Structure formats: structure tokens, C-alpha cells
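With chain A fixed as given, assemble chain B onto it according to the hints.
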Amino acid sequence: MIETQIAIIGGGPAGLQAATAAGQTGAQVLLIDNFDRLGGQLVKQTHMFFGSQQQFAGTRGIDIATKLAKQVAALENVQVMLEATALGIYEDGVLLVEQHDRVHKVKAERIIVAVGASERMLAFPNNDLPGVYGAGAAQTLMNVHGVKPGHRVLMVGAGNIGLIVSYQMLQAGVEVVGIVEAAPTIGGYLVHAAKVRRAGVPIYTSHTVKEAYGEGVVEGAIIWQLDENWSPIPGTERDVAVDVICLAVGLSPLSDLLWQAGCEMAYVPELGGSVAVRDELLRTSNPEIYVAGDVAGVEEASSAMVEGRIAGLGAALSLGLGGETAFKHLQEAREQLTALRSGPVGEKILAGLRRVEREVATDA
Amino acid sequence: MLKKTGIPTQADLQEVYPRPERLAQGPVAVIECFQRIPCNPCATACQRGAIQPFEDINDRPQLDVDRCNGCALCVASCPGLAIFVVDETYSEDQALIKLPYEFLPLPQEGKIVAALNRAGEKVGEGIVVRVQNPPAFDRTAVIHLAVPRELASDVRNILVEGEPHAER
Chain A
0 MIETQIAIIG
10 GGPAGLQAAT
20 AAGQTGAQVL
30 LIDNFDRLGG
40 QLVKQTHMFF
50 GSQQQFAGTR
60 GIDIATKLAK
70 QVAALENVQV
80 MLEATALGIY
90 EDGVLLVEQH
100 DRVHKVKAER
110 IIVAVGASER
120 MLAFPNNDLP
130 GVYGAGAAQT
140 LMNVHGVKPG
150 HRVLMVGAGN
160 IGLIVSYQML
170 QAGVEVVGIV
180 EAAPTIGGYL
190 VHAAKVRRAG
200 VPIYTSHTVK
210 EAYGEGVVEG
220 AIIWQLDENW
230 SPIPGTERDV
240 AVDVICLAVG
250 LSPLSDLLWQ
260 AGCEMAYVPE
270 LGGSVAVRDE
280 LLRTSNPEIY
290 VAGDVAGVEE
300 ASSAMVEGRI
310 AGLGAALSLG
320 LGGETAFKHL
330 QEAREQLTAL
340 RSGPVGEKIL
350 AGLRRVEREV
360 ATDA
Chain B
0 MLKKTGIPTQ
10 ADLQEVYPRP
20 ERLAQGPVAV
30 IECFQRIPCN
40 PCATACQRGA
50 IQPFEDINDR
60 PQLDVDRCNG
70 CALCVASCPG
80 LAIFVVDETY
90 SEDQALIKLP
100 YEFLPLPQEG
110 KIVAALNRAG
120 EKVGEGIVVR
130 VQNPPAFDRT
140 AVIHLAVPRE
150 LASDVRNILV
160 EGEPHAER
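Chains as they are written, first to last, in numbering that gives the first Met the number 0: chain A, 0 to 363; chain B, 0 to 167.
The shape of chain B in the complex, shown without the other chains:
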């Protein structure tokens, strides 16, 4: 249970996860924000009006999946690092995950890294295909990670072996 472990349950995820039909159409944001807290930068960051403006600052984000193009501006702007972009159409057998990452040094593009699930367990490997870190992202880099498609709904973090924070 999320409130006991910090890991969202399948039921939590089902509530926010885009439907297979939408996933089949290309990149889309997955907003894993399950608690009413006073916070709205995702809605103000979205240039396409896909994240609906909040009536109450405590509202949870509501995503219009048809307006979202998976640009990942919200990924870098979410103070809770709770937004990801999933592109299940990335290649024949791979999905692309765009995830927020705040550890240095940033991985090199082309590097193979451990792909971690929401419990921090290694579930496979991914390839870093792009690292976005423009000034506008304010030091929250967005890592584009190619993973086997069956891992698309599980992988939410990476571990770059050999880095200090990877010693465990």
C-alpha cells in the first residue's frame, strides 16, 4: 500500500494509466500523483492545455490524453518527480520511458544502465538514448530510456553502475 511503503499499487496505477488504445498512438504522460497536496506547476508548465488548470491548488492533475503529445515539459517541472512519459510505439520491441533524474554525473547517451521498478529493484536493462538538461529544466534532467516493451509500465528509475550513489 502506497501510504505504508511508498510504492503505488496496481489499483493506484490503473486509475491514472492511459488506456492501451492511447498508448498505441504514441508518447503520453503518466502522472503518478495520488495525493491531494497544494501544488500545481505541472498544469502551468503544460503548453498544450493537456493538464487541466486547477480549480483548487490541492486538486490532483487531470490529463487530457488526446491533447498530450508526451513532450515531457511536465516531467521536469513536477516538484514531486512524479510524472513520466511512456512511448510504446518507440520501436518494434522497445518502449521509450522519459523519466526525471537528479543525480550526477548524468549518464552518457548510448550507455546501458540498470532499469529499476518503483521499489528500486532491477528489472532489466535500458539504453539511455537521450539526456535532456536545458537551463529551463532547472537541473531536473529528463532521461530518455529505451527498454523492452513489456517493462514499459514498470521501469521508473535507472541505476548507473559505478557511480557513488549506486554503491549498495
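Isolated chain A, as found in the complex:
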């Protein structure tokens, strides 16, 4: 049995910041991640980040991963377990972790779940052909493993992920024939859209994939236009010859561990799916379990980092650690999060949060 005060599952932007914030209060922290290096999705983000200086705005995601991992490494009281998968959280609060073919029991006084989100699939005929990728998977292939996913790509989805991955494909020398977006307007930041557009990539709003075709692999896609009720318009079909169809149609919180731990859950479309009901310090209905980052609601890495700090400080304070300094940092983090969400892009998140944020019994 490994005993620790705070176990953090997931070493992405939220988990790393949770580990640093909790570690700085003096708490014994165990940070668990299933990859062979820390950073989560940051390790493949080659673009400069938005936000403000406190969230490393203007710095490339991959460099943010390095900075955050260094902060964690500087704390002797934070242990890191890599290539380790959290399997389940049981009634007695024991967390099972598999690492290198061995299962470890972890008993922590607090657990912060920061496992992120997974890519959504889109239903269309032949979506199981090789050559249909999640945009994040294609990005991992290119930016982590140095492998081009193909030669000619149709991107599905003009949210930030679809736009950014399209741009990174161009940088890798992959042709992007177009971006289709079912909604009538571009969902991602317009500066990202302008950037891929002036590189010659057309964006087809109110369009979707009718079907993919190909003998054994993707050889092309039929796209068509949608009317104002999102119904396809017959006769608008267009054939695009591509060997890759990339799906960037949204993310869903990876909520399995929370369901299994018996946390009270709610389905909130604005937050991407099923998320844990929590208080403002991200404590769930199980007072030993906190959430942070995309698993708490799909949003940006900048807000995931701040949520990580809040959960890390909140968990430490609930154990009587950190004192006034931690409380002050907690207030600062909450103000940063409010500022990040105060614009038009934060409206949806705030609407979602109103449905899951409530007073959870607290012993802090």
C-alpha cells in the first residue's frame, strides 16, 4: 500500500498545476500519469497559448509542459508515477494503479481527478475505414511521433482543435483540402480561422460529411450542405478526394473514475457531457474527491491550469495545510478563473457551471 496525502490522477495542465499548488503547501503528493512523460495534451501543442501571463500566454504548449513539469520536479514532497494507469477508486477510498504489469494500492486522504477528455466520434457510413482519425490522434502522430497521418486531409469541425490541427498539418507539409463545419458559424477563435484561411484552406460552414468511401482505406468523402434546421440539402453533394478524414467534433469528459467512485454526476451539454457535481473549490459530492480540468468541463488549457491550482489548494486546505498563504493563492486563482470566463467565450461554460456548482457539505 502506497500512502500519501493527496493523489492526483492525470499529469496534464490541470494535474501538474494541482501537484505544484498542493506540493507548495507541504502536502505529500503522488502524481499519476499513464504516458511516459508529463504534460498531457500539452506535449503536442506547438502553437502559442492564449490567456494572460499567469497562464503562460504567448508560450507554446509544449514549452508550458516543460515549465510545469520542472516546477513539480523541484518539490521533494511530490512523487511522480509515470506509465501508470488509475484503474478504479473503491468504497474504502483505495485507488488501484497499474504500472509496468503490477497493480499498486494507493491510499490517499484526497484524490484529485484530472484525467481530461476524449474525442468524440461522428456517425456516417464507412466511418470505420482506416484513414478516419480523431484530430487529436492525428496531432499525436505528427507532433509526438513525427509521422504524417496522410497526404490530403478533410478536417471535420471548425472549433479550435479542428482549426489548430489543420494549421499544424500544413506546417507538417500535409495538404488540407478544406474544413467542414455543421454549425452556421465557425466555433473556434476567429484568429485561428483567419490563419488557416489565408494559407488557402477553405472553411465550409453549414456542411457535414455524408459518407466516406474507399476500398479498404479512405479514398474520399462526400460532403453536403445543411439548411438552417441542420438537415442535409439533397443535390449539394460534393466529392473530395482525400486519404484522411480528421474528426474534430468535440470532446467528452473522461468521467468513468468519477462514476465508479459514486460521485453525484450530471449531464451538462455546455461542459461536454457527464461531469461531477462540485462546489466552487471543485470538491465533488464525495468529500475526498476533487476534479480539475477537462474532466470537470471541457474548456481551455489556460482555465484547466487555474482549476488545477484551485483543486490542489482546496484539497491541501481541507487537510489543514497551507494556511493563510494558500488561502490567498486560492482567492487569486479564483479571480483569474473569473476573468478568463468573463468574455463571450466563457458564457457557455458559466451557463453549464450554474447547473453543477452547488454547496457540497464541507469539513474545511
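Simulated pairs of lysine-lysine, DSSO-like, Cα-Cα distance not exceeding 30 Å:
#	chain 1	residue 1	chain 2	residue 2
1	A	147	B	3
2	B	2	A	209
3	B	2	A	347
4	A	147	B	121
5	A	209	A	147
6	B	3	A	209
7	B	3	A	347
8	A	147	B	110
In case anyone wonders, no lab produced these hints; they're calculated from the structure. Computed from a prediction, not measured in an experiment: that's the story for all the values here.
Below, chain B without anything else, positioned relative to chain A:
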């Protein structure tokens, strides 16, 4: 319409484009940022206080054109690659555009490249007169491109023919 195509309209541009009197005085930034998003590195990058400090992180950048000298620090620092510098006084018949560029290999100085508009269409040719890529720019190079002056408000990208990403 920008929200449907990714291409800013004339009306969008008019709102942010410096007036002819200012353009006639020399290099100045053109900030093509049309949406309130939580982002402020341009304001913190500006050494001259020309981009006003943001009260709210979601504010759109406000440029004091009289303080701006077109240094292009903001061009390299904008995460959205949405800032350009236009110098209509560059030569008798040419304007200089400073634009952010993140494709490798970087073009050689002196090279003639295709000049692209905001839709990625070739509208003419430009000469790469300088490539700025210091460590402080963190791999967002700033290309100084000389173009015919009448294209100064249109050209926002380049295509270096023969490079892998130019195959289309």
C-alpha cells in the same frame, strides 16, 4: 462574413485600419483581431505603450497609432498571428509588410515569393527583404515583404513555391 469564412470583411478591416494620414507617416501595426477572447500578450509585448493595457483580459487590443513605430514585437507575440505591420513609405512604389510566418524552411532574403491575400489567393509577387527570427520571437519569424503599394492592404501571407506545404 468572417464568422462563416474566416476572411475579415471590408467593414471589419475599416474598423481597425489606420487612416491614410497615419499610413503616409511610416510603419504602423494593423491589428486584425475582431473577437473578444481571453488573450493579452500583444499589450504586454509592446515596449512603447502603443497597445493600451487591457482592463479586462477579453478586451480587444486598442492601438495608439501615434505611439506605434511599427517595430513588430507584437507581430511575433500574438498567439493568433493576427498582427501585421504596414509601411506604405517603404519606397517610391512599394510598401513593406511585416507578417508572422511559422513554416519551414524560412525563405531566403532576396527571394521572390507569391503574395497571398486573406483568402490564401495569389494576388501578386513580393520580395523577401528581411527575415527576423531571433530567440525572443520564439519560432514565430517575422517576414519583411516588399510588395507593390496597391497590394499593401491585401497581402497577408506568402507562398514559397517548391516547399512541401506549397503543394496544392
